[in-house]
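J.: This is what each chain is made of:
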Amino acid sequence: MSLVAEAFVTQLAAAEPWPENAALYQQLKEEQILLSDNASSLAVQAFLQMCNLPVRVICRANAEYMSPSGKVPFIHVGNQVVSELGPIVQFVKAKGHSLSDGLDEVQKAEMKAYMELVNNMLLTAELYLQWCDDVTVEEITHPRYGSPYPWPLNRILSYQKQWEVRRKMKAIGWAGKTLEQVLEDVDQCCHALSQRLGTQPYFFNKHPTELDALVFGHLFTILTTQLITDELSEKVKNYSNLTAFCRRIEQQYFEGHDKDSSAIAARSSKRPLLR
Amino acid sequence: MGGWGHIPPRCRDSRRRGDRCLPPSRGERRAVPTERPGRRRRRLRSLRGGGRAGMRCSVVLSPTNIALVPASRRRGLRRWDRPGADPTPRPPGGRRGTEPRAPGGTHRPPGSAGTPRDRARRTYARFTGAPLKVHRVTSPWRSPSGHLPALRTRDEGIISKPQQIITHLRKQKYNADYDLSATQSADTLAFVSLLEEKLLPVLIHTFWVDAKNYVEHTRKWYAETIPFPLNFFLPNAMHKRHLERLQLIWGDDYMEDEEKLEKELYREARECLTLLSQRLGSQKFFFGDSPASLDALVFSRLAPLLKAKLPNGKLQQHLKSLQNLCNYCTSILSLYFPWDGGDPLTGVPRAAGTDGSEAEEDPHKRRKQLLSVLVGLVAMLGYAFLSGIVSIQRGSVGPAGRQPITLEEEEEEEEE
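These protein sequences, in sequence, are chains A and B. One point on numbering: in UniProt numbering, the residue at position 181 of the first sequence is 181, and numbering is uninterrupted. One point on numbering: in UniProt numbering, the residue at position 85 of the second sequence is 85, and numbering is uninterrupted.
Because the hints were derived from the structure by calculation, they are not lab data. Careful: at least some of the hints might be erroneous.
Claimed, not checked - With a straight-line cut-off of 20 Å between C-alpha atoms, the simulated DMTMM-like cross-links for lysine to aspartate or glutamate are:
hint: 1; chain 1: A; residue 1: K93; chain 2: B; residue 2: E268
hint: 2; chain 1: A; residue 1: K237; chain 2: A; residue 2: E250
hint: 3; chain 1: A; residue 1: K108; chain 2: B; residue 2: E216
Full structure from sequences and hints, please.
T.: Take a look at the structure:
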C-alpha cells in the first residue's frame with residue numbers, strides 16, 4: 001500500500017468506532033491449530049480483552065490462506081483485515097485504544113525490546129520444535145496440519161510448510177541447533193522475563209500492556225499443551241512468578257468467556273490441545 | 001633466526017608505551033648479522049611504525065580492517081608476520097586481563113570489518129581486556145578452521161561460532177557483564193533481540209543488497225583488499241548469500257515492492273535506532289560507566305553505518321541525527337580503537353599521502369608487476385619454443401632466427 005493510501009486507511013480506521021461484530025480468525029481449534037499459531041492467537045485475544053474490545057473467535061480451516069500476510073491470527077473489523085499482533089496493536093491505537101500510553105520513552109523502548117525477545121526466542125523455539133524436531137513433526141504436526149484436507153493434499157501441504165519453515169530456520173541460523181540448545185534458549189528467555197517481571201503484577205507495574213498479552217499467549221500455550229515430552233513446559237514451570245502471572249491474567253480476562261477463548265479448563269492440568 | 005628477541009630494549013619499551021619507536025642505530029643494526037637484508041628492512045619499517053603497529057598484535061583481521069588502519073600505521077601488520085615472534089602483548093584499554101599470555105590467537109575473516117559480528121567480538125574482547133593475538137588474514141583459506149572468524153585457544157581447539165567465542169571468553173573469566181544486575185542482564189537479552197530482528201536485516205540490505213551502495217562502496221571496498229584471485233568472486237558470493245538470507249526472512253519478492261521496503265522495513269530500523277537512543281539517554285554506556293556486551297554489540301552495528309561513506313544513506317542520515325548515539329560511537333572508537341580514530345574509511349587505500357605509505361605500497365605493487373612481467377615472458381618463450389620459432393641447438397646459434405633474414409636477402413636479390 002502506498003503512503004497516501006495507508007494514511008487514508010488509517011484515517012478511516014480512526015473515524016469508525018469498534019464494531020460489535022469484529023471477528024478473529026484462526027485455524028480449527030481442536031484438530032488443526034499448532035503450538036505457535038495458538039500462542040499468537042491467544043496473545044491477540046488477550047490484548048483485545050485487555051482493551052475491552054469485544055471480538056468473536058471464528059475457526060476456519062483455511063485461515064492461513066485468508067490472512068493478508070499469510071500468518072494467523074487476523075481480525076476482520078468493519079471492512080478492514082489486519083493480521084499479526086504488531087499491526088493489530090497499531091490499528092487499535094488508530095481507533096483510540098492503547099495500553100502503552102502511560103509509559104515513558106525508556107519504558108516504551110524496553111517494551112518493544114522485550115516483545116522482540118519473545119518473538120525472537122519463544123516463537124522461533126516453538127516453530128523449531130514443531131517443524132524441525134523429527135519426532136514431533138511425524139507424530140503431531142503432520143497429522144494436525146493437514147487434517148482438514150484429503151490425502152494426498154494433507155501430506156503435500158504439510159511438507160511444503162515444513163520445507164518453508166526449515167529454510168527460514170537456516171536463514172536465521174537455527175538449523176544447526178540441537179533440541180537441547182533450543183530448550184536452553186527458552187530457559188534463558190524465561191529467565192530474562194522472570195527477572196523483568198519480578199514481583200510486580202504486570203511487566204510495567206500496574207497496568208497490562210501488549211507485552212503482557214504476548215507473554216501470556218506464549219507461556220500459557222506452552223504450559224497447557226501436551227507434546228511428546230514435557231521438557232518445554234518444565235522450563236517455564238521453573239519460574240513461579242511466570243506461572244502466577246499466567247494464572248492471574250487468565251482469571252482476570254478469560255474467566256467469563258468460556259465459549260470463545262481457548263483459555264478454558266484447569267490452569268495447571270494439561271489439556272490435550274495438541275496430540 | 002633474527003627476530004624480536006634481538007631488538008634492543010629501548011625499542012621494546014617504547015613500543016609498550018605506545019610511542020613512536022626510533023629505528024635502532026647503525027651500530028645496533030650491524031649487531032644482527034644473521035638476518036637477511038630484506039628481512040631487516042621490513043623489520044625496521046615495522047619498527048618505524050611504532051606503538052601498536054610495532055607490537056604486531058596478531059588478531060586475524062580483514063583486508064577491510066587493513067584499509068581502516070591509516071597507512072602510516074599499517075607497517076608491521078603484514079601477512080607474513082610470524083605469530084610466534086611476538087613478545088607479550090599489552091592488553092588494550094579497559095580492564096586488564098590477569099593472564100600474561102594470550103589464551104590463543106584469533107583469526108578474523110576478510111570482510112569482517114564489514115561483518116558486525118566479528119567487530120562485536122573484537123570489541124567485546126577489548127572491553128574485557130582479554131589478551132588476544134590478532135592474526136590478520138585476507139582469505140578464509142588461511143584460517144585454521146576454514147571459516148572466519150576463528151578463535152584458536154590453547155585448551156579447546158578452534159572455535160568458529162560467534163556466541164561460542166564469547167562464551168569461551170566468559171569461561172576464561174573475561175566477562176564484561178559481571179557487574180550487571182539481573183534486570184540489566186534481562187534487558188541486554190531483550191535489546192540484543194531487538195537489534196537482531198529489526199536493525200541487522202536492514203543493515204545487511206543497506207550494505208550488501210541495495211544496488212547503489214553495493215556496487216559503489218561495499219564491493220569496491222572488499223575487492224581492493226582481498227588478494228587475487230579471491231577478489232573476483234568472494235564479494236559476489238557474499239552478496240548472493242546475504243540476498244538469499246533476506247529473501248527468506250522477508251519473503252521472496254521483497255525487492256520488487258520498493259515502497260513497502262522503504263516504508264515498513266526502514267521505518268522499523270529507524271524506530272529501532274530511536275529506541276536505542278532513548279534508552280541510552282545521556283549515559284556514557286548503556287549500563288552506567290563501564291561497557292558491557294550490549295555496548296559491544298550496539299557499537300559493532302552502528303560504527304560501520306556511521307563511518308562508511310554510503311552513496312544511498314537514508315539510515316545513515318537518521319543515525320547522524322541522533323547525536324547521543326554518534327557521540328557514543330566516537331567515544332568508544334577513541335577509547336578502545338585509538339589507531340582507527342577519526343575518519344578511517346575515507347578512501348584510505350587510495351590516499352597515499354605519506355611517503356611511508358608509498359613505500360608500503362611499493363613491495364606489493366613491485367611484486368605484482370614483476371610477477372606479471374615474468375608470467376608474460378614465460379608465456380612468450382614457451383610459445384616460441386613450442387611452435388618452433390626458437391630452438392636451442394648445440395653449436396649453431398639461433399639458426400631459425402637467421403633463416404628469415406637470409407630469406408629476406410634472397411627475396412631482395414630476386415627482386416633486384
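J.: Would you mind marking each hint as holding or not holding in the structure?
T.: How the hints compare with the structure:
no.	hint	result
1	A/K93 - B/E268	holds, 17 Å
2	A/K237 - A/E250	holds, 16 Å
3	A/K108 - B/E216	violated, 38 Å
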